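Participant: Chains as they are written, first to last, in the working numbering: chain Z, 1 to 596; chain V, 1 to 154; chain B, 1 to 394.
Among the clues, some could well be false.
Said to hold, decoys possible - Chain Z residues, not near chain B, derived (Cβ > 12 Å throughout):
1. R60
2. A62
3. E70
4. E319
As the list claims (entries may be wrong) - Cross-link-like lysine to any residue pairs, in silico, SDA-like; alpha carbons within 20 Å at most:
5. K178/B - P68/Z
6. K502/Z - S84/V
7. K568/Z - N352/Z
8. K502/Z - M464/Z
9. K208/B - P53/B
10. K236/B - K69/V
11. K9/V - G170/B
12. K568/Z - D415/Z
13. K187/Z - K69/V
14. K261/B - S84/V
15. K59/Z - F52/B
Worth flagging that the hints you see were computed from the coordinates, not collected in a lab. The structure presented is a predicted model; accordingly, all values stated were derived computationally and were not measured. We put the beta carbon where it would ideally sit given N, CA and C, even for glycine.
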Amino acid sequence: MAKKIKLSINGIFVTVEPGTTILDAARQAGVIIPTLCYHKDLCIAGNCRVCVVEIAGQKRLAAACATPCEEEMEIFTNSLNVLNSRKQIIELLLSEHNADCTSCFKNGSCELQKLASDYKILKQDFIRLVLFMNYSIDKYSPSIIKDDSKCIRCQRCVRTCAELQGINALTVAYKGDEMKITTFFEKPINNVVCSTCGQCINHCPTGALVEKNYIEKVWDAISDKTKHVVVQTAPAVRIGLGEELGFGPGARVTGKMVAALKRLGFDAVMDTDFTADLTIMEEGTELLSRLKSVLVDNNPECKLPMLTSCSPGWIKYIEHLFPEYLDHLSTCKSPQQMFGVLAKTYYAKARNLDPETIVSVSVMPCTAKKFEANRPEMHDSGYRDVDYVLTTRELAIMIKQAGLDFQKLEDMHFDRLMGESTGAGVIFGATGGVMEAALRTVYELVTGRDVPFENLDIVPVRGMEGVREITVKIENPLEEWAFLDGIELKCAVAHGLINAQKIMESIRSGETGYHFVEVMACPGGCLGGGGQPIPTSPEIRRKRAEAIYAEDAAMALRKSHQNPEIIKIYKDFLDYPMSEKSHRLLHTHYLARERY
Amino acid sequence: MNPVSELIKNLADQHGRERHNLLPILQGVVEQEKYLSEFSMIEIARELGLPASEVYGTATFYSFLEHKKMGKYIIRICKTITCSMKGKNQVLLAIEDMLKISVGETTSDGTFSLLQTNCLGFCHKAPAMLVNNEVFTDLTPEKVREILSSYLKK
Amino acid sequence: MTISYQLKRADFIFKNENDWEDVLNKSISCSATELINELISSELKGRGGAGFPTGLKWKLAAEVDEPTKYVICNADEGEPGTFKDREILTMVPFKVLTAMAVCGYVIGAKDGYIYLRGEYLFLLPELNKAIREFEYYCDEIKLDFRIHIFMGSGAYICGEETALIESMEGKRGEPRNKPPFPSNSGYMNKPTVINNVETLAHTYTIFKYGAKRFYDLGVQYSRGSKLFSVSGDTPKPGIYELELGMSLADFVEEFGDGDTKAVQVGGASGFLVPRKRFAETAIGFQGKLTGISLPTGGSMMLFNSSRSMFNVLDNYLEFFREESCGQCTPCRVGCQQLLMGIKAVKRGEKNARYLDKLLRLTETMKLTAKCGLGQSVANSFSSIVENFREEMIY
Numbered sequence: 001m002a003k004k005i006k007l008s009i010n011g012i013f014v015t016v017e018p019g020t021t022i023l024d025a026a027r028q029a030g031v032i033i034p035t036l037c038y039h040k041d042l043c044i045a046g047n048c049r050v051c052v053v054e055i056a057g058q059k060r061l062a063a064a065c066a067t068p069c070e071e072e073m074e075i076f077t078n079s080l081n082v083l084n085s086r087k088q089i090i091e092l093l094l095s096e097h098n099a100d101c102t103s104c105f106k107n108g109s110c111e112l113q114k115l116a117s118d119y120k121i122l123k124q125d126f127i128r129l130v131l132f133m134n135y136s137i138d139k140y141s142p143s144i145i146k147d148d149s150k151c152i153r154c155q156r157c158v159r160t161c162a163e164l165q166g167i168n169a170l171t172v173a174y175k176g177d178e179m180k181i182t183t184f185f186e187k188p189i190n191n192v193v194c195s196t197c198g199q200c201i202n203h204c205p206t207g208a209l210v211e212k213n214y215i216e217k218v219w220d221a222i223s224d225k226t227k228h229v230v231v232q233t234a235p236a237v238r239i240g241l242g243e244e245l246g247f248g249p250g251a252r253v254t255g256k257m258v259a260a261l262k263r264l265g266f267d268a269v270m271d272t273d274f275t276a277d278l279t280i281m282e283e284g285t286e287l288l289s290r291l292k293s294v295l296v297d298n299n300p301e302c303k304l305p306m307l308t309s310c311s312p313g314w315i316k317y318i319e320h321l322f323p324e325y326l327d328h329l330s331t332c333k334s335p336q337q338m339f340g341v342l343a344k345t346y347y348a349k350a351r352n353l354d355p356e357t358i359v360s361v362s363v364m365p366c367t368a369k370k371f372e373a374n375r376p377e378m379h380d381s382g383y384r385d386v387d388y389v390l391t392t393r394e395l396a397i398m399i400k401q402a403g404l405d406f407q408k409l410e411d412m413h414f415d416r417l418m419g420e421s422t423g424a425g426v427i428f429g430a431t432g433g434v435m436e437a438a439l440r441t442v443y444e445l446v447t448g449r450d451v452p453f454e455n456l457d458i459v460p461v462r463g464m465e466g467v468r469e470i471t472v473k474i475e476n477p478l479e480e481w482a483f484l485d486g487i488e489l490k491c492a493v494a495h496g497l498i499n500a501q502k503i504m505e506s507i508r509s510g511e512t513g514y515h516f517v518e519v520m521a522c523p524g525g526c527l528g529g530g531g532q533p534i535p536t537s538p539e540i541r542r543k544r545a546e547a548i549y550a551e552d553a554a555m556a557l558r559k560s561h562q563n564p565e566i567i568k569i570y571k572d573f574l575d576y577p578m579s580e581k582s583h584r585l586l587h588t589h590y591l592a593r594e595r596y
Numbered sequence: 001m002n003p004v005s006e007l008i009k010n011l012a013d014q015h016g017r018e019r020h021n022l023l024p025i026l027q028g029v030v031e032q033e034k035y036l037s038e039f040s041m042i043e044i045a046r047e048l049g050l051p052a053s054e055v056y057g058t059a060t061f062y063s064f065l066e067h068k069k070m071g072k073y074i075i076r077i078c079k080t081i082t083c084s085m086k087g088k089n090q091v092l093l094a095i096e097d098m099l100k101i102s103v104g105e106t107t108s109d110g111t112f113s114l115l116q117t118n119c120l121g122f123c124h125k126a127p128a129m130l131v132n133n134e135v136f137t138d139l140t141p142e143k144v145r146e147i148l149s150s151y152l153k154k
Numbered sequence: 001m002t003i004s005y006q007l008k009r010a011d012f013i014f015k016n017e018n019d020w021e022d023v024l025n026k027s028i029s030c031s032a033t034e035l036i037n038e039l040i041s042s043e044l045k046g047r048g049g050a051g052f053p054t055g056l057k058w059k060l061a062a063e064v065d066e067p068t069k070y071v072i073c074n075a076d077e078g079e080p081g082t083f084k085d086r087e088i089l090t091m092v093p094f095k096v097l098t099a100m101a102v103c104g105y106v107i108g109a110k111d112g113y114i115y116l117r118g119e120y121l122f123l124l125p126e127l128n129k130a131i132r133e134f135e136y137y138c139d140e141i142k143l144d145f146r147i148h149i150f151m152g153s154g155a156y157i158c159g160e161e162t163a164l165i166e167s168m169e170g171k172r173g174e175p176r177n178k179p180p181f182p183s184n185s186g187y188m189n190k191p192t193v194i195n196n197v198e199t200l201a202h203t204y205t206i207f208k209y210g211a212k213r214f215y216d217l218g219v220q221y222s223r224g225s226k227l228f229s230v231s232g233d234t235p236k237p238g239i240y241e242l243e244l245g246m247s248l249a250d251f252v253e254e255f256g257d258g259d260t261k262a263v264q265v266g267g268a269s270g271f272l273v274p275r276k277r278f279a280e281t282a283i284g285f286q287g288k289l290t291g292i293s294l295p296t297g298g299s300m301m302l303f304n305s306s307r308s309m310f311n312v313l314d315n316y317l318e319f320f321r322e323e324s325c326g327q328c329t330p331c332r333v334g335c336q337q338l339l340m341g342i343k344a345v346k347r348g349e350k351n352a353r354y355l356d357k358l359l360r361l362t363e364t365m366k367l368t369a370k371c372g373l374g375q376s377v378a379n380s381f382s383s384i385v386e387n388f389r390e391e392m393i394y
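From just these sequences and the hints, can you work out the full model?
Facilitator: Following this line, the structure appears as C-alpha cells:
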C-alpha cells in the first residue's frame with residue numbers, strides 16, 4: 001500500500017490516501033468547500049472554478065476537486081484571495097444566468113441560488129449577458145424542459161448522459177462565448193436519441209433542465225366535480241418523497257403519502273405496486289412460455305433472453321440503440337400503464353363509473369413515464385390510459401401547496417381493488433427487484449416450493465454493482481414443467497443505461513446464455529429515477545434501497561401470486577395470465593427508432 | 001452509394017475508425033464539400049461508431065470546420081489588430097462591394113463565402129487573407145479585386 | 001532604472017548549413033543523459049511563450065518507465081503577431097525534424113507528430129517532402145522514428161499543450177486539469193514531450209555547437225537567442241533573431257518608426273509597454289533580472305501615436321472571447337464581461353470606476369482560470385487599462 005500523505009487544511013492536519021483530491025481531504029477535515037460542476041456520480045471536470053483554494057507557495061489558486069493532495073501541502077480554503085475570487089466567479093455565473101428566481105421551477109432548490117445566498121453577492125453590477133444571448137427554451141418533450149438561459153455550462157448533464165447513461169443525447173458545442181450545451185444540430189430533445197430518463201434533470205444544479213410539470217392540470221382535475229380522479233403511486237415514491245418533506249434519505253413514508261393524497265382530494269388512492277404484482281404474473285408466465293417455446297418447440301421466432309419492459313427510459317433507449325432486439329422485450333406494459341388501462345376498465349366497471357369521467361394520475365420517480373403515458377399506443381382502455389404523470393418532486397410541491405403538515409399526518413391505507421400489494425411489488429423500486437420478484441413467483445409456479453433463498457431474500461441480485469448475474473437451478477419441477485428439470489436459469493440485472501449497453505453488447509456477442517435479463521434505466525433502479533428528489537448520490541441511493549428492502553421485509557405477503565386482489569382480478573376480469581383479455585389490455589409492442 | 005457516404009468511407013479507410021481519427025476525417029469532408037452537413041456528420045458518426053452529438057460538438061469547436069453550406073471559395077480575411085491597422089477594413093469593403101455580400105454570407109451563385117478569421121500569421125505583410133488554402137498578403141482594395149477576378153475566371 | 005543590455009543580432013536558426021545528417025548522427029551517438037544534461041546546461045527555455053526549461057521537460061518524460069511515448073512539435077502558431085514558426089518550417093524544416101528525432105531518441109519515443117495549424121495547410125506539400133526524405137535517412141541509419149503531421153482546424157486554444165493533445169485525440173480542444181502533466185500522461189495518456197517549433201530549432205543549435213555557445217548568448221535567466229516577429233508601425237516588419245535580454249528602448253530604436261507610443265510584447269496574451277517604460281523593460285524571461293522582464297513568444301507589435309489603445313484592447317478581447325474554449329467560468333464569462341465592459345465605459349453607460357472592477361476581474365481570471373489563455377488575458381488588459389486609462393474613457 002502506498003504511503004499516506006500528510007497535509008494541512010486551514011491549519012488542520014489531515015492524513016489521506018495518495019490520489020485523494022483536496023476537496024475530499026477537506027471534507028475529511030470537516031472543511032466544506034463549495035462546488036458546482038462537481039458531482040459524486042460523475043468524473044471530475046474542474047471547470048466552474050467555484051472550489052478554488054490557495055496552496056502555499058503557488059501563485060495561482062487550484063481547483064480543489066481536480067487537484068490531488070501532495071505531501072506537506074498547506075491549503076487555505078478561505079483566504080481573502082479565495083473568498084474574493086470565489087465571489088467574483090459566482091457573480092460571473094449569475095451574469096450569464098437568467099436569475100429570474102421567483103418564476104423558476106427550481107426556486108428554493110437551485111445550487112447557484114444557494115451559493116449566491118451563502119456568499120451574499122449583494123452588488124451585482126456585471127453586465128447581464130443573458131440579455132444579449134441568443135438562447136432557446138426547448139419545451140417539445142413531454143418529459144424534459146431545457147432552458148438554456150439558465151444554463152451555467154457546468155456540463156453535469158453532458159457527463160451524466162455520457163457516463164451514467166451512455167447515450168450522449170447532450171453535448172458541448174461551439175467554443176468561447178458561443179459555447180453551449182445542446183443536442184445534435186441543436187434539435188429539440190424530443191427529436192434526438194434521448195431516453196427521457198431525466199438523469200440530466202437530477203444532476204442539473206440550476207433550472208436549466210427540469211421536468212415538464214403537470215401540477216396545475218392535476219389541480220384542475222381534482223377540483224372538477226364531474227371528474228373521478230384516481231391516483232397510483234410507484235414503489236420508489238414512498239421511500240423518496242420524505243426527502244422533499246423534511247425526512248432524511250431512506251425514510252419510509254407510505255402511510256403518510258397515502259394520507260396526503262387523500263387530503264389533496266384524489267377520489268381514489270391506489271397502488272402501482274398492485275400492478276407490479278400483476279406484471280410479475282404476466283411477465284413470469286411469458287417467461288415460462290418463452291422457455292417452453294424455445295426449449296421444447298425449438299421455435300426460432302421466440303427469443304431469449306427475455307428482457308424486462310417496466311422501465312420506459314430503457315424501452316426508449318433500446319428502441320433507439322438496439323432496435324434489432326425489440327422482440328426480446330417482454331410484451332408486458334409497465335406497471336403504470338397496466339394500472340392506467342385497468343383504471344378505465346376493471347375499476348370503472350367495478351365502481352360503476354363512466355370511464356370518460358375518470359382522470360388517471362400517476363406519481364412516479366420517473367420522467368420517462370411522462371413520455372410513456374404520452375405514447376399513442378397507450379389507449380387500450382379506449383381512452384388515454386394515464387392522463388397525467390407527476391414526479392415524486394411534483395407531488396411534494398402539491399403537498400406543500402396544500403399546506404399539509406406532512407410530518408404530522410396519520411398513516412392511512414390504499415383504497416381497495418387495486419391498492420393491495422406484496423413485498424414483491426415493493427422491490428420493483430430497486431435495481432434487481434423485478435428479477436427477485438419474478439424468481440419468487442416463477443420458481444414456486446414451476447416447483448411448488450419457495451425459491452431456495454433464506455427468507456425469500458435473493459441477495460445476489462441486490463446491491464449496486466452495475467451488472468449482476470444469478471443462476472437458479474430448477475430441480476424436481478411439477479409435472480407440467482418437467483422440461484425444466486435440471487435447467488440452470490441464467491439471469492442478469494443491469495441498472496443505469498451505460499450498464500444496459502454493456503449487457504446488450506455481451507448478449508450480442510452471444511456468449512452469455514442468459515434466459516432473463518432485468519434492465520432499469522436509472523442508477524439504482526427507480527429509487528434513483530429522474531423524477532426522484534434532488535440531490536442524488538451513491539450514498540443516498542444506497543439508503544433508499546435499504547428502505548425498499550425494509551418495506552418488503554415488513555410485508556405480510558411477499559410473493560405476487562399471493563396478492564388477494566391479484567387472485568380476484570384474474571377471477572373476475574382477466575381470466576388467467578396471458579389470456580386473450582390480458583393480451584389486449586396489458587401487453588404492447590415497440591417501435592424501432594433512429595439512432596442518429 | 002451516395003458520393004458523400006463514399007467519401008466518408010474512403011476517408012475512414014485511409015485514416016482509421018478510432019476517435020483520434022475524427023479530425024482528419026472531418027477535415028477531409030470539408031476539403032471536398034466545403035462544409036459538414038447534417039448528413040455528413042451522421043455518416044461520420046456511423047462510420048466511427050460515435051454518437052452524432054459528439055461529432056457535432058467536436059466539429060463546432062473548430063472554426064475551419066464549417067457546418068453551414070459554404071461557397072466554392074471561402075474567403076477568410078484576417079481581423080487581428082495588425083491587419084486592421086494596415087487597412088483591412090477597406091479591403092473588406094472592397095470585397096463586400098464586389099461580391100455584394102456581407103461577412104458571414106455566400107454569393108447567390110455559391111462561388112464565394114466571406115468570413116473573418118483570427119491571426120493568419122502574416123502580420124508583417126498585412127493585411128492578409130486566405131482563399132480556401134491559398135494565402136494572399138499586402139492586400140489593397142485594388143489587389144483584392146484582381147485576386148477575386150482571377151478566381152471568377154477559374 | 002535603465003537596462004544596459006544592447007540589442008544584438010544572432011544568426012543560428014535560419015542559417016542553413018545542410019548538415020542535419022551529421023547533427024543527427026552526432027547526437028544519437030551520445031547517451032540520453034548526456035543530451036539532457038547538455039540541454040539543461042544551455043538553460044534553454046520553451047520559446048512558445050510559457051518558458052518551461054526544455055531540458056527538464058525532456059528529462060521528466062525520459063524518466064517515466066513506459067514503452068510508448070510521443071514527441072509533439074507544436075506548430076499551432078496562433079498568437080496574434082507571431083509568424084516565426086511558419087518561417088522555420090518553410091526555411092529549415094530539417095532542423096526541426098532532426099530535433100524531434102533526437103528528442104524521440106532521448107525519451108524513448110518512436111513517433112513524432114507535428115501539430116500544424118489549419119491556417120498553414122499550404123505548407124503541407126513541402127513539409128511532407130522533407131519528412132519523407134528525413135524518414136528515408138532514418139531508415140538508412142536504422143533509427144526507428146516516424147513523423148506524422150496532424151492538422152489543426154482553426155482554434156487558438158489548441159496551442160495550449162493539453163488542448164492540443166485533446167484535439168489530436170479527436171476531441172474538442174479543451175485544456176485538461178493538471179496534474180497530470182503531459183510528460184507523465186499526454187497523448188493517448190502516454191508520456192509526451194511537446195515543444196514549440198522554435199524551441200526544437202534551438203535544440204538543434206545546442207546539439208550542433210554545444211550548450212556553451214547558446215548559453216553565452218543573452219543574459220542571466222534568459223539565455224540564448226530568440227526569434228522576434230516584428231509587426232505594426234515599423235518600417236521593417238519581419239522576423240529577427242536577437243539575443244535575449246535587450247532593453248525595449250533599444251528594440252524600439254532599431255524597429256520603431258520614430259513615433260512609437262507603445263509596444264505589445266508577447267501578442268494578445270502579452271503585455272503592452274508604454275513609451276515611458278521602454279528603457280526599464282528588458283525582453284526575456286522573468287527572473288531576477290533588473291527591471292521588468294517579460295516572457296514572450298516573440299510577438300512584437302509596435303504602435304505609433306496615431307493608434308487608439310482602446311481599439312487595440314477591443315481587438316484583443318474580441319479575440320479572447322471567441323478563442324476561449326469556453327469550459328471554465330472565469331475565462332468564458334470573464335472575457336465577455338471585459339469586452340462588453342470597456343465598450344460600456346467608452347459609450348458612457350458605465351462609470352469610469354467600472355474599469356477598476358474589471359481590473360479586479362482580471363486578477364480573478366489570472367488566479368483561477370484553468371489554463372494559460374484565461375490566466376493571461378489579464379496581461380494585456382491591465383497593462384493597457386492602467387497605462388492608457390484616458391483612452392478607455394474618452
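Participant: What are the numbers of the hints that this structure violates, sorted from low to high?
Facilitator: The structure breaks hints 1, 2, 3, 6, 10; every other hint is satisfied.
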